[in-house]
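Those sequence lines, one after another, are chains W and P. When you read off a place in the first sequence, starting at 1, and then add 780, the result is the number in our numbering. When you read off a place in the second sequence, starting at 1, and then add 35, the result is the number in our numbering.
Quick caveat, the hints were computed from the structure, so don't treat them as lab data. Nothing false has been slipped in among the hints.
Computed footprint of chain P on chain W; a stretch qualifies when at least three of its residues, placed anywhere within it, have a C-beta under 8 Å from a C-beta of chain P:
no.: 1; stretch: 815-821
no.: 2; stretch: 826-835
no.: 3; stretch: 945-959
no.: 4; stretch: 1015-1027
Using N, Cα and C, we set each Cβ at its ideal position, and we do this for glycine too.
Take a look at the letters that make up each chain.
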Amino acid sequence: MAMMTVNGVSTHYQWMRAAGDSDGEAPIVVCVHGLGYDSLASFYLTLASPLSAAGADVLTYDLRGHGRTARPPTGYRLGNFIDDLKAVLDQLDIHRPVHLVGNSFGGTIAFGLAAQFPERVASIVSIEAEPATESWAGKMGRTFRNVYEAMADDRYLEWVGQTFGSHYVRLTNAATAAIGASTIVEEVALGPLLDADTLATLQCPVLSILGSHGFQSDDLGLLQASLPRCRTEVLPDQGHSVLVERHQRVRQLILAWLAEHESLGQLESPRPA
Amino acid sequence: MTMSLPTEASGYDETFDEVCRILCRVLEVELDDLEIEPESVLTDDLGLESIDLVAIGAMLADRYGPQVNLAAYLAELSIDDVIVLRVGNLVELVLSSGVAAERAVT
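So that you can see chain W by itself, here it is in the shape it has in the complex:
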């Protein structure tokens, strides 16, 4: 496994390099996974191979507290995750603007990086995700705590086993144990938060991929209305698990997105000194 120390945390990452000879100038796609069960595998085993075959260098990594990355007891503010993403780019000597693909909380991290370091971001593909606004913080705080408490409930576990099988019961128990051993529930919604004025300054192009009855089903057009360069794709009959359940459709959308934006990103990005 490829490991590096990021802000003091031993971090698992994986490259899948572009097929063919790109002379080191292949577009770079950085995938950021979500919370809980998630790990770099949700991208590595779905999108990474087709994107690399199409000519992109694809980087995935496990967030702190997830996958094969270490699980510190504290340090789970959104700001910590944003700092980690920037440090991953710095340590891998990635200075060209990258295309971020963020799933759920991973998208929130991506928006955070774009707000703080716009020169590092060529575009964002946001899968069932939103920036860290006051509204997000409220929802995140309530939802994460409710989900965490439910995960430990025997009746919930019984339902998971009957509905999804024993594999998901094991995943739930593992996630519950990992979450309970850290301060992630208390910290993750603490920001930094972005206000409407800041969102209006995010100049990178954004593709928002949403499930028709996912986490933004109450207002599927809200994110697009909040950002100056955002387009929305809604997948019908789909809940929050867009990436895992519809990864081949997501692949099509991202490939089209990269074909549309990659030359734009390379032409308009500031050259490194």
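Dock chain P against chain W, hints included.
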């Protein structure tokens, strides 16, 4: 999700043994401590998680070369198919690339 089996039956056994060794390395157990059959489901029977598939893919590529591309294979499956993936599917992935037969004669 089935793949055509090669004609070299002995290649299957050798490849199965090698896949088992890789699985035991990932699970950090001794080969004798785990009962593995071609029909063993990676998740339910062996307790493997999706993150483990990343390591398995890397080990298969190290052993057999980049032609054995587990990530590319899984990218064409649904999540339901990945959850019921069996040891035999990994063996067939290796054999369908032709590398095991090549190594058997070199």
